[in-house]
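Asks: Sequence:
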Amino acid sequence: MEEIYIDTGNTINVAVQSHALLLLTKAKEQHKRYEGQLRLCRQVSPHADVTYFVKAVSQENSTLTFVQTHQEFKPAVALAADDQKSLCRQLILDRLTEESVLRKRSSLQAKAMEMTVSLKHNQDIISTLSNVCQRSNRLTFKLSSTSFFSSSSSFFFFYFWPALSPSCKTLAQRSGGAWFDSRQSQTKD
1 MEEIYIDTGN TINVAVQSHA LLLLTKAKEQ HKRYEGQLRL CRQVSPHADV
51 TYFVKAVSQE NSTLTFVQTH QEFKPAVALA ADDQKSLCRQ LILDRLTEES
101 VLRKRSSLQA KAMEMTVSLK HNQDIISTLS NVCQRSNRLT FKLSSTSFFS
151 SSSSFFFFYF WPALSPSCKT LAQRSGGAWF DSRQSQTKD
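Numbering (UniProt numbering), first residue to last: 1 to 189.
If you're looking for bench data, these hints aren't it; they were derived computationally from the structure.
In this text, all values refer to a predicted model and were calculated from it rather than measured experimentally.
Ideal Cβ positions, reconstructed from N, Cα and C, are used throughout, including at glycine.
Watch out, some of these pointers could steer you wrong.
Quick list of the computed label-pair ranges, beta carbon to beta carbon [to be verified]:
#1 ASN10 - CYS41: 44 to 50 Å
#2 ASP124 - LEU102: 31 to 37 Å
#3 ARG138 - GLU99: 57 to 63 Å
#4 ALA15 - ALA48: 50 to 56 Å
#5 GLN17 - SER45: 31 to 37 Å
#6 ALA27 - GLU3: 34 to 40 Å
Could you put together the complete structure from these sequences and hints?
Replies: Below is the structure:
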């Protein structure tokens, strides 16, 4: 029994020693790690670190800046009918889709021409209306500066003449006769 007691004591002693050595080595590793972190913390200088940080940020900003170029808008030039169709700047997916692409292109060109004609027509209408308004303003000023007409019908035709539609003007010319001719010569002056 004594031998068993001695063997068990020795085994427990060796186990405790090996466990103590294991804990000691872990403690030494932690000590080294904390010692390295302590050295880094002692090297911190707030003033120097802030200056290095500002320099690093300013260098990053200077490398990230870029210049945006401004390109002027240039409208598309209308193609003449006699121009040859070149293959530059055309995307052709395959030979079967080429016809549909050309049809769509021609329909878009036709729509663009229609819009251009419509735009010119609208500009002509606007210029005509502005001329009519200017003439109406001149006539209104003449009317207000001269004496009032004795006849209410002559006042109506003289005052509202610029605003009448072409069919109404034609009717007024047919029914007015000499009066219309005399008033028209006065308004041209």
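Asks: Now look at each hint and say whether the structure bears it out.
Replies: Tested hints:
Range check, ASN10 to CYS41: Cβ separation about 46 Å, and the 44 to 50 Å hint holds. For the hinted restraint 31 to 37 Å between ASP124 and LEU102, the CB-CB distance of approximately 33 Å keeps it satisfied. Restraint check, ARG138 to GLU99: a C-beta distance of roughly 59 Å satisfies the suggested window 57 to 63 Å. For ALA15 paired with ALA48, a C-beta distance near 52 Å keeps the hint of 50 to 56 Å intact.
Checked against the hint of 31 to 37 Å, the pair GLN17 and SER45 fails, with Cβ atoms roughly 46 Å apart. For ALA27 and GLU3, the hinted distance range of 34 to 40 Å is satisfied, since their beta carbons lie about 36 Å from each other.
Checked against the numbered hints listed earlier, the structure breaks hint 5 alone; every other hint is satisfied.
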